[in-house]
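Chains A and B supply the protein sequences, listed in that same order.
The opening residue of the first sequence carries number 3 in my numbering; numbering runs sequentially from there.
The opening residue of the second sequence carries number 6 in my numbering; numbering runs sequentially from there.
Read the hints as simulated data drawn from the structure, not as lab findings.
Treat the hints loosely; a few may be bogus.
[What the hints assert, rightly or not] Some chain A residues judged to face chain B by a derived CB distance under 7 angstroms, without partners named:
hint : residue
1    : Val273
2    : Ala274
3    : Lys276
4    : His380
5    : Val402
6    : Lys449
7    : Ala450
[Stated by the list, open to error] Output of the computed footprint for chain A on chain B, the stretches with three or more beta carbons under 8 angstroms from beta carbons of chain A:
hint : region
8    : 163-171
9    : 413-419
These numbers come from a predicted model, not from an experiment.
Backbone N, C-alpha and C define an ideal beta-carbon position, used for all residues, glycine too.
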Amino acid sequence: MPELAFPLLTAAIAAPLGVSWFARGNSRDLRLIGSGGCAAAALLLLEVLREVSVASGARLAEPLPGPAGAWLAADSLNSVVMVLYCLIALATLLLAPRRDTSALTVRWTLWVLSATLLAYAADHTVLLMAGWLASAIPFLIGPFTAPENWRPRVALLSSTLALLMGCLLMADTGFGIAALAGQGAGGTAAFACLILAVILRKGIFPAHAWVTDAAEGGPLLPMALLFNGHLGAFLLARVVVPVFPELAQGTFPLLSDLALFTAIYAAVRAVAEKRPRSLLALLALSQSAIILAGLESASAEGVTGALVHWLVVASATTGLFGILRLLEVRFGSELTKEGHLGLAQHTPRLAVFFAVCGLALVGLPGTLGFCSEDLLIHGTLESHPQLGLLLPLSTAINAVTLLRLFNRLFLGRLRTGITGIADAVPRERWVLAAIVLFVVVGGVLPKAVVTAQAHAAHVVAQGMERLEAMAGSGE
Amino acid sequence: MSVWQALLLAVVIAPGVVFGALSLLWLLGWTASERVLTRITAATYTLAATGVAALLWHLAATNSFAMSLRMGDWFVVHGYEFPLVLQVDRLSLPFLALTVVLVGLIGQFSATYLHRDHGFLRFYLLLHLFAFGSLLLFSAGSFDLLVGGWELVGITSVLLIAFFQYRSEPVDSALRVFGVYRACDIGLLVAVFAMHHFAGTASMVGGPPVLTGGQATVVGLLLLLAASGKSAQVPFSGWLPRAMEGPTPSSAIFYGAISVHAGSYLLLRAQPILAESGWATAAVITIGALTALHGTIVGRACSDAKTSLAYASLAQLGVIYVEIGLGWTWLAVAHILGHAVSRTLQFLRAPSMLHDYHQMHAAAGGHLAQTGQHYESALPSRVQLWLYRHAMDRGHLDTILDRLVVFPLHSLSAVLGRVDQWGVQRQEPRRRQINRLTLPVRTAGQDGVIDA
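Chain A extracted, bound-state conformation (with noise of 0.2 angstroms):
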């Protein structure tokens, strides 16, 4: 296997640990050394992405000597969102109130960075394990829990002891997961394990709630870095098509349906739902499940669709959360109240923001969601013309209750009793402008975009190819 120039991945991993662990300072401080420590990782990565991109999208091995270097590969489907995870982690330390930076909240978040980039750059079940344990342990035993609310933590919980299970399972026949390819390895216990390790951590119906739940009770940005990950819809795509190709291809249609129906299934339930945290938490739920029906379509539209909207979501909800938990710390319980709030007399442009974000988050013309919606729609209706039909219906749903909530929030008239209200301040006009920036010019020049994660959905492909060969030769 080809390597990559310097251990890059290693670096890139390391840099947000050592930070979380050694920097001392108060909670401003280190928040702007973690800043820091996201901001190198990003750096490291797009370097690592370049190398990718020269090598035409083929797997590249991290040089270290011994095992540690062989466990680490990059391609066009990781390099990608690994770049963009850091961003978002990024965006997510500096969006955050001032409330909510304390020291060990700055260091969390950092090691929960760290933990997801060690499970998307894992050529090695038990680093993928490893990552994929160490991103939920925060949120299990650390300080992100919702101790009121058990089942984020059982659902966390029961993922990775099924992930667990699987790699178990897969173990007699290897770790790398390059090598693994093809391989069935572990039969069909091994890939029910995996399977439901994805539904439980993406949450698909009919293992959903947990995500409202956490939304509701746990620290909000956290959690938000936590959906964004996708590590469901990730373990899919690297390891689920790849090794298991022949189960996969009897699996992927009722997998399909069961992703579209979470997607309609949480766009119906936010119609009547009227707390701001569990309201954006479902929109999430309903467009992120897009991915994986998206990822399950095995057209290359869809694939590619999937990965497109991947960066959408993560994105925009990011802008959305960060917005949402803005407003929480200006106005308080008045914010959960009924009725319109008429905030963007004092906020203008974190409306804007606000109504930009969601508007991508739903496929508006001039965003880069416009560009994954019209791929997914053709990908999905191609797979799967009936059931396919549930994805622009969701769609369409979670637009209008996303200008619901806009509209509750932003409109109508300011509550009496609420003064001395700012605006974005700069620090988070920045951060807010540059995720709108990149909706908008990404939507307006997509090529870019969707030429990288085409090449994404090819490494997907790859494993689908095998699939496809099989149904063509009747197996």
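Guided by the hints, dock chain B onto chain A, whose structure is given.
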């Protein structure tokens, strides 16, 4: 790219560039004054109108039927392409001219109408975005690109209905309109997919894709669904009076002129597809006739000027649909242009209607003849009463949609919410436990301190 093609591109993207530049400057902290905004608007649409006139002259002088500009593909994924193609022909050119002229006029009118309004900048930004969406819609060389313009027109329409955001009625009305738009837009999205699936393309250059009878029926009916939502045809007519909550200039340009006719334009573009299917043609004619009847009946019982005008528009839109269904394309185009211009004028004069009436009343020496009691007086009184009740509830269309769609959806959502909460105690959000990690909570309402 020839000079004429460059001109076409410039005309289409000019409002989009103005919108982007002004929005960016606002986000960076600079707000354009009213005078600057109106001058930029006037310059943009004067130049755009000149450009459209030049294109018209060029096509007439060269005896060309059409001109297209292919700018490559927006994106390509294996066999699937999203082509960036603009085209002007005898159908799109009148619509382009109508758009730039009317938007320019509305821009000038609104400078006075919205003078010192808090939302002055917002109105102009949305007007430019709407113009960009409309020009994209009317000059799109493929149905894929048309979807982009179509959606932009829809979202600007909704945001302008909620323009007077301090009242709850416009905000609620905007949500309702958005719901209808999005539901009907599913028809357009699926129709475009179906064109790709059946014919391998959704290009309009040289005519829409060639489809067989059954395929044409499916695509035609899907396009009719989308067009009916945008043009407020029966049974989706209920949103049109709600849309009158927006400022009068936007009502004029959207619901008197451009936006409501976008559906007719879509059907005109898809006429060869409709002609292939008897079912789709019959559906267009039936829906058009029902809408015309509905508009004229309900409009007679409306008590405010803008709603009356909205229903008068609806009646004309129904007639235009019938003309399209019957294949009278050029009559439909002439009807659309005449109707758009005259209706815009009526909408813009609506706020001065009482003043106009009093002037006419005085000029006629206080003896103005009663109008509007010609046809219905021929009906039996019981039928008149029934029709009056029917008209007062606006044909019960909103009630029907509420009972068949909105209420069941809300009920289902509430049931799903209870199912999701099964086995867990629903708790109020616990913010304190989040903050145990951090600083003490201070709320803005208590001491005016912003803790961000």
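Status of the hints after comparison with the structure:
1. Val273: The hint holds - A/Val273 has a Cβ within 7 angstroms of chain B, the shortest such distance being about 4 angstroms.
2. Ala274: OK, holds: A/Ala274 within 7 angstroms of chain B, min 4 angstroms.
3. Lys276: At about 10 angstroms, which exceeds the 7 angstroms cut-off, the nearest Cβ of chain B leaves the hint on A/Lys276 violated.
4. His380: 6 angstroms, holds
5. Val402: 5 angstroms, holds
6. Lys449: Given a least distance of 5 angstroms, the restraint on A/Lys449 holds.
7. Ala450: Violated, because the Cβ-Cβ distance from A/Ala450 to chain B comes to roughly 9 angstroms (cut-off 7 angstroms).
8. 163-171: Our answer is that it holds, as 4 residues pass the Cβ test (under 8 angstroms) against chain A, meeting three.
9. 413-419: holds (count 5)
Violation of the numbered hints given earlier is confined to hints 3 and 7; the remaining hints are satisfied by the structure.
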